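Trainee: Take the two lone chains and join them into the complex the hints point to.
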Amino acid sequence: MPLLKIKNLSVAAENKKIIDDVTLNIKEGEIVAIMGPNGSGKTTLARSIINDPRLNKQGKIYFKEKDITNLSTDEIARLGIFLSFQSPPEIESVKTGMLLTYIKDNFDEEEVKKSGIKLGLPEDFLERGLNVGLSGGEKKKMEILLMKLLDPELIILDEIDSGLDIDSLTKINDIIKEMNDKGKTFLIITHYTRIFQKIKPDRVLIMKNGKIVKRSDSSLLKVIDENGYDGV
Amino acid sequence: MKKDFDDIKTEKYWFKGKPRSVLQIKGPLTKEKVIKISELKNEPEWMLKKRLWGYEWFLRLGLPDWGPDLSGLDINDAILYSSPLAKKPKTWDEIPEDIKEAFRKLGISEEEAKMLAGVGLQYDSEVIYKQVKKMLEKTGVIFLSMDEAVQQYPEMVKKYFGTIVPPADNKFAALNTAVWSGGTFIYVPENVKVPIPLHTYYRINLEGISQFERTLIIADENAEVTFVEGCSAPIYSKASLHAAVVEVIAKKNSTVKYVTIQNWSKNVYNLVTKRAIAYENARVSWISAAFGSKTIMLYPAVILKGNNSKAEIISVALVTNNQHFDTGGRAIHVGKNTKSSMVSKTISIGNGKATFRGDVRILNGAKNSIANIKCESLIEGNGEASSIPKIMVQEDSSYFNHEAKIERFDEEKMFYLMARGLDKNKCKSLVYLGFFEDVVSKIPLEYALEIKRLIDVDIEELGGNG
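For the record, the sequence lines run as chains C and V. Residues in the first sequence are numbered consecutively from 1, following the numbering used here. Residues in the second sequence are numbered consecutively from 1, following the numbering used here.
Now the stretches of chain C that chain V is said to cover, found in silico as 3 or more residues with beta-carbon under 8 Å:
(1) 50–57
(2) 77–85
(3) 91–101
Calculated from the structure, these hints are not laboratory results. None of these values were measured; they are calculated from a predicted model. Glycine is no exception: its CB is placed at the ideal position from the N, C-alpha and C atoms.
Bound conformation, chain V alone (with noise of 0.2 Å):
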């Protein structure tokens, strides 16, 4: 495998591309912007109530007093919304060629674009190229971007929207319900089962701008997805706010995999609330790697409501100087039989800094409910790593267990591999994803790629200094 990472280098990501907004709404937020938003979309009245319903919300709610620092974020500054076109492009020849240029420097091209299921390319504010195989569209698979959805399919948006993470959830989802823009939406009708993934690009490429993506996904009874979603931005000196807000719906025996590759410039705050709910039966995995983000803020939960419901929150991160990653996952047992397993792995480097938060909650009732916390920190130099388990449990039959531990990569180990001949890069690639082996394993390959590319456009930034 090893041989994939010569040719990388670091400007595939960091890349600016040309700035592009036709119109803009900027900060501080107020009623009327929110309006302005929703005028500007089109969007029938029962929209717009629920983005109001967002703004009360946010106006209530404060900033989070716990977790990370977030001074450095200013809401009131931020561009809130814009838009890179005035026109929507209805095929790929009619993207910009600087757009398509960005994507394609990301590793997204027409014909990669082929290859999958539906692929969707978010810029900035809007989601600019939404295309879903023809098959796929037979079988009644809907793959759009959220604005077209609240058009297209309003029925059911407005029937799901906001149920799994309400605005009062916390003052970026309630920020997200008041102002989001774009985003993506799936529906997998019954007993369709997606064979390969749907995948959207988030790409911010303003300096400035906060992206509010909404994503919504339903996967009827016995239906089978897998969603990946990739981000990155360039390196503004301004830093970003990505707030979106994630609701899956997972009904009787589906299986939804929602896979994340983040790469957030090391300037962005990502604060991100991810729900799902699983009925009987159903498995919700989330799976995560993530790389950039200066502040994250991100506990994907699964509600397991249903009997015999599974939960699997997956994560590895690796997390360098000035960074600070303070994820985890939430798993609620409702159901009896219900199983979650939350897996972490991070390394941290430089003064990287994670913490993990695990919060496990076995309601009375759920009974026989098995929930496993594993969470393993690499540290290198001054990083650091914590894990803060939350537990209730209610329920006398159900079964919890909890296994931390810290493997500690220090100069003895980095001189010992080097006097086996390997360059102080390689010694890292060869450790990170060593320690990120068995998680990097579930991931659908080209993902899997995709993510030790990453790990080596880290050690490369890095240097000598790592």
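Next up, chain C with everything else stripped away, as it sits in the complex (with noise of 0.2 Å):
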């Protein structure tokens, strides 16, 4: 039994086609890798896994077996599903220590904050309201973090290596493999491939105008390196 299934899967955005028919069994513990050039709906088919209400949805989706379409995203969230955004929000009256006690009932702050400032946020970051002042790089750094404290089932990356410098990426992937190895389960949307150094995906699917347009594996990162989205 698959993690997730996705089953005709149409999504619209005003009034706009964006993902065509798409159909995707995700199973536990593998990594998918979604590539593909802008704007050819990577970013809509992840953020309608986790329902964005602004998106007009046709098909089914199921997390575990269990219909997940017209969940909210708050109830998706609790079912173990974690979307790390293209570009979290900037939200100033939300302390990040504040929204980290909403989110985790238990957890050590001191172990938080030593983790975060490893991952290479601000010292003060917890004090600060969420994401504010953070460098694109950074933003996704505290996505990585709120990540790891929440220890999701089904992990999807929106882009997670854009801005990030090699350093950064390379820590990034220390944590993917290592929760991979735990048997977590990772979707990662990217244009590129350089976010696969260590970590090597089962699969690796293209995504061009709303449809998945080829499946293969790994192999097919070199080909994507050498001759681009159109090369495949």
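Mentor: Structure below.
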């Protein structure tokens, strides 16, 4: 039984069709990469899994055989699906530390602080408004920190690599590998192959114009690197 | 802290108590009715004179020609005075069960009353209960209803009443002067520091009634006091008017902190005049948290008369559908080295509208004075917020700063927080509380908790539509 099952999903936003009849199964413990050029519908696919209320969906999405198509975003999150946002918003009135107390019942604040600083977040990140004054790369690190804290089962990373320097990319690679070794499932959305240093995707899918146009294994990465998306 | 919210239900605030009225005086206001109220209260001649002075100005002044829409308000149709009881209870036990129940629902029980330094309960026009701790009485602290103060401490009331807020100030202050009933009188003698807050709870419980309480606080030299007022009313189909006047006299080296937690029902016109005078080295704080009312016009003021006196005017407000809060503050710097600080934090939701008027005057001679205004707004949906500073500086050596900031809480931010597992109401609670946090932290803890509860009640009422 697949962990996530997407069946004949079509999605429109503001009356524009973005996802066109996508069917996809992801097994527990897999790392699946979804790649493709800008505007191919990757982010919309990720957001429709956690039911962005602004999207119009047709088709079905199941998580552990439970129909989650129309569950609210927070219910889906609580089932164990985490989306790392491509552009996490800045929310000034919500201090990061306060957010953590809302989303996680018991956590070791010192431990979280250490772990954030180790990832490269500023020392005072818990006292700041969420993401306020952080660079693009730091915001991504915050997403990784929240991911680790929430310890979800299915993790969708939407362009986690954008804005990150090479050292940070390596750190995040290590974290993904560590979590995957523990059985966590990853859906990694990216334009570039550089995120795959120490981790190898089990499957690589290519999206274009809202459709999955190619399904292959990690050998496809090399082809993309050499020839771009037009070449596959 | 979030655990505190779970068992809170809206009903706590909006229940309708049994209407009680043994004697009523209805509008339109006439001279005879003013005299009648004074007679009912068995007042001395000088107080009647003050009332008639108010009545004259009420006739002379028009409604404000600026600010929010007051067209839904019909002063002529209001109940100007209503006494809920024929005889005033002397002890807690003598309070009728339904009134006790009403206050109990609002979180005020006999036990709670005992915890406070002093507690007063006003039901419609009359203060029905007032109690102050024996140990405070011994120090000479006076905590009475204004009606009682007129009878028991006439010299003091006569000397100060209407001196800080004269009836000529505005039509509603004039109206209050003419028909006032109830309210709180506090006198804190020299060198006495009241360690815990004195609290009065105001309740409107009769459809169509206007509440005109009058409050006078005098802190003598080197005294300290915190006064907290809470306000609530059920929703009736007819709008109510609440037009209070509060005067504070803070003598040399004294500290007065005035905290208001206002949760009138959402069809009350809350048109209140609050003003303090601070003498040398005195500190006055107006702190308010506003949730209720249909329309508010309220600009607490401090006249910084003495050298080195300080004013703090802090407000948080949650403005939701069909509410317009026109609030602000006023600081008049007269003495040298005076300091004023205004902080306003407003959340506007739905079509809620918030206007902040920060009015600072630094008069000639107020050397080295400092004034700061900070206005922060959080907007959700079609909420509106504006900040209108009005500054007059006549003193070169003074310093003035105005800061205004708007944050928008949009769908994407909500989606983000929900994606972290928080339902809509929790997200709002997190965002609103976070926004208010630095101000709420200045309020005594039990009242801070009350504010947190009221935020959640509003969120609950807005449901999925907010």
